[in-house]
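**Q** From first to last, the protein sequence lines stand for chains L and C. According to my numbering, the first sequence is numbered sequentially starting from 1. According to my numbering, the second sequence is numbered sequentially starting from 1001.
To be clear, the hints were calculated from the coordinates, so they are not data collected in a lab. Just so we're clear, the structure is a prediction, and the values are computed from it rather than from any experiment. Every clue listed holds true.
FRET-style restraints, in silico, Cβ to Cβ:
no.: 1; chain 1: L; residue 1: Leu-271; chain 2: C; residue 2: His-1016; range: 50 to 58 Å
no.: 2; chain 1: L; residue 1: Gly-464; chain 2: C; residue 2: Thr-1090; range: 54 to 62 Å
no.: 3; chain 1: L; residue 1: Gly-464; chain 2: C; residue 2: His-1016; range: 49 to 57 Å
no.: 4; chain 1: C; residue 1: Asp-1091; chain 2: L; residue 2: Arg-609; range: 42 to 50 Å
no.: 5; chain 1: C; residue 1: Arg-1224; chain 2: L; residue 2: Arg-610; range: 47 to 55 Å
no.: 6; chain 1: C; residue 1: Arg-1058; chain 2: L; residue 2: Lys-503; range: 48 to 56 Å
no.: 7; chain 1: C; residue 1: Ala-1053; chain 2: L; residue 2: Trp-167; range: 22 to 30 Å
no.: 8; chain 1: C; residue 1: Glu-1095; chain 2: L; residue 2: Asp-119; range: 54 to 62 Å
no.: 9; chain 1: L; residue 1: Trp-167; chain 2: C; residue 2: Asp-1222; range: 45 to 53 Å
For glycine and all other residues, C-beta sits at the position ideal for the given N, C-alpha and C.
The primary structure of each chain is shown beneath.
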Amino acid sequence: MAFYVVQFLTGLASAASLFLVASGLSIIFGVTRIVNFAHGAFYMIGAYIAFTLTEWLSGAFGFWGAIVIAALAVALIGVLVEMVLLRRIYHAPELFQLLATFGLTLMVEDLVVLVWGPDDLVGRRAPGFRGAIDFFGQNIPSYDLFLIVLGPVVLGILWLLFQRTRWGVLVRAATQDRDMVAALGVNQKWLFTSVFAVGVFLAALGGALQIPRDAVHHAMDLRIIVEVFVVVVIGGLGSIVGAFVAAVLVSELNAFGILIFPKISIILVFLVMAVVLIVRPWGLFGKPEAPARKTPGLTVNPWRPLTSNERLAALAALVIAATLPLFAGNYALTVGSEIAIFVIFAVSLHFLMAVGGLASFGHAAYFGLGAYGVAFLAKMAGLPMIVCLLLGPLLGCMGAAVFGFFAVQLSGVYFAMLTLAFAQIVWSIAFQWVSVTGGDNGILGVWPSSWAASPSHFYWLALGVAALVTIALRAMVFSPFGYALRATRDSLLRSEAVGINAKRIQWTAFVIAGTTAGIGGALFAYLKGSVFPDNLGISLSVDALVMVLLGGVETVSGAVIGAIVYKALNIWLVSQTDLSKLVLGGFIVLIVVGFPKGIVGMLETLAQRRRKTSPPGSPLLVKPIESAE
Amino acid sequence: MKLTVEGLNSHYGPAHILFDIGFEVGEGEVVALLGRNGAGKSTTFRSIVGLVAQRSGRIMFEGKDVSVRPTHEIVREGLGYVPEERRIFTDLTVEENLEVGRQPKRPNAPSWTRDKLFTLFPNLGEMKNRPGGRMSGGEQQMLTIARTLMGNPSLVLLDEPSEGLSPKIVEQMVDAILTMKKEGVSIVVSEQNLHFARLISDRAYIIERGRICFGGTMAELDARPDIRDAHLSL
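The task is simple: from the sequences and hints, build the whole structure.
**A** What follows is the structure, given as structure tokens:
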């Protein structure tokens, strides 16, 4: 019995930091409507700075002072980020905001390694809370008890701040109607900045308070951000009480899940999240968001089938690509195969994002599931390559069917967060369930049959599949199913009013996109000869998003071109620098701020400008995305 | 002149909504902006306070050009705005709603306090701690006006204050607007309801399809039944 009590208390102590970070994310989202992906990065910087300061400053005063100074310093960094970056993208689509803050996260990951090195850092114990308290033979660290008390205290302070101060009243008002607050004479800019500072302060404090419990390392940002996303999805985005309750719930589920499913404890959290989403899609304490009414003119350009000239051009490009083995060496062919595979991946995400309006932040899950599907079939069942290629993607299909069912119940940022959480869960299973997946060591020796073994044959195979997939998905855009899907994207309510079963259509699209990604993953397993948990990791999901955005969301060719340019750039970059994340992150931020319409979108705009020599500055030609500051 | 609008053009995306809108409001005057649904009344107000991003033209308020200033600065100059849809903060109590609107006193404008507003709108005083979401439409309309008055404006843009209200509440609204006028607040009120406008206004402009097509005193408008019947549905 005592053991369970101790386990419960450990869960409560873990909840404190999780609550701090999640409440910060919630507050920021409430007012600015930005889901701050970089929140995990701020948490991590908070821990690193606190570590350094506690090494410098001595004594009890030094330790606690260091914690607070670290959080304040990070809040200051947050203010800078808000003023320099976020102010430019408040009016951009939420996907761009998520991506920009993700780019920031990537940069921070490399920067902390540059400053603090790649090794885990073990911090000082908290003065006054060094020992442990004996509880019927079980030890409870006294620092845990401090954290257990701290959580409710912070909740109380936040409550007072929001209920009893003018600032709190303004923040709550802005959470509901930002424009009206401005129309009453309140300077939104500073309100946003101050809210962001408070939110980042909470994240950094959460990180700083972790140092006596856990080693500081450069991957702690992603781990916390996934848990935080789960917490706010369960608790309801924008609710501080919800963040508290859900943080306790998730921490307890983790604490006891280890006892029930030692290998795959995250399953329990997933199950609870699924139940909550079915019963209350907007979270336990959240409020249902009114379906977004789009401003006229904000919808993407209407699509049209290719003209015969464009068809010829696409065919010509394909033929030229097919001649690559005639003059290129084996390395170039391997790179070419990889690019073709990523074209499949990017096109599948583009279908979900641009045609379906569902921006998934965890699309790699289905890519990786396809790869694992092939690996299981080839290694365990010993099936031939052609059978594996046909059946392997079914694992991606099944994953998409299960997760997609829950994901399409939500939309917008909730959808993005949920798909990310799902992908991370699949990753955790692949990583933790060593007996089946090989864990970190992956599954090796997945080699193609002899007919596809030579680089040129494999390249033709990958290219052929990529071409077929692209054509099939594009044809689907102009099928009755495609019309229905685009209708749900443009207006969920109106599409339902004309008799479309919107959720079902979106679910189908999710499964199609997931299966297609699985096809890419299946080929990828054979290309690399192995499968690793990274094949379903967050960074791969984001790679896909960047490919689509880089090329341009509004056209299918954008996804293809984005995949080619990005993958080639990525392969080149990794061979050139150790700081690829820093460069890549900076690149993502630059795209979002500078070229929100991507390469193809930019080319089209240029072409349009040349065609219509219209009067300059005519507001009729200002595209909505450009006017997004 | 208190407020002068010249050559105001506004767009929503590709749609051109307002065409060279121009009108004037004198010190302490109540001016009605009359027009049918969709004529451009609300867009005119939203453009004046800077809530429409794509706008051009000159807006002079108390001799200062405010046409390129951000919304909160325009409002802080003393130009209050009461939106059509009321836009009460439903999660906030009556007192908290008023708090959001609070701004420092202004030398050239009457100043309002909570208590003064509770005498002007007695209903509000009886529900100080009620969340805005649990108030009737009429009470919300009073709250939205009171909230703007907390900013001590010298001029108020009132967007369709009588819309959807019961006759009894409309009477109270007329009294409240006349009190505001007596205190020295200049008012521009947009209306579809000519009877209501006649009770409070000194002058009127008629807006139709984004263009001003008449301007004059109420007596001049009465002398032109043709204009009235062409542009206003009675």
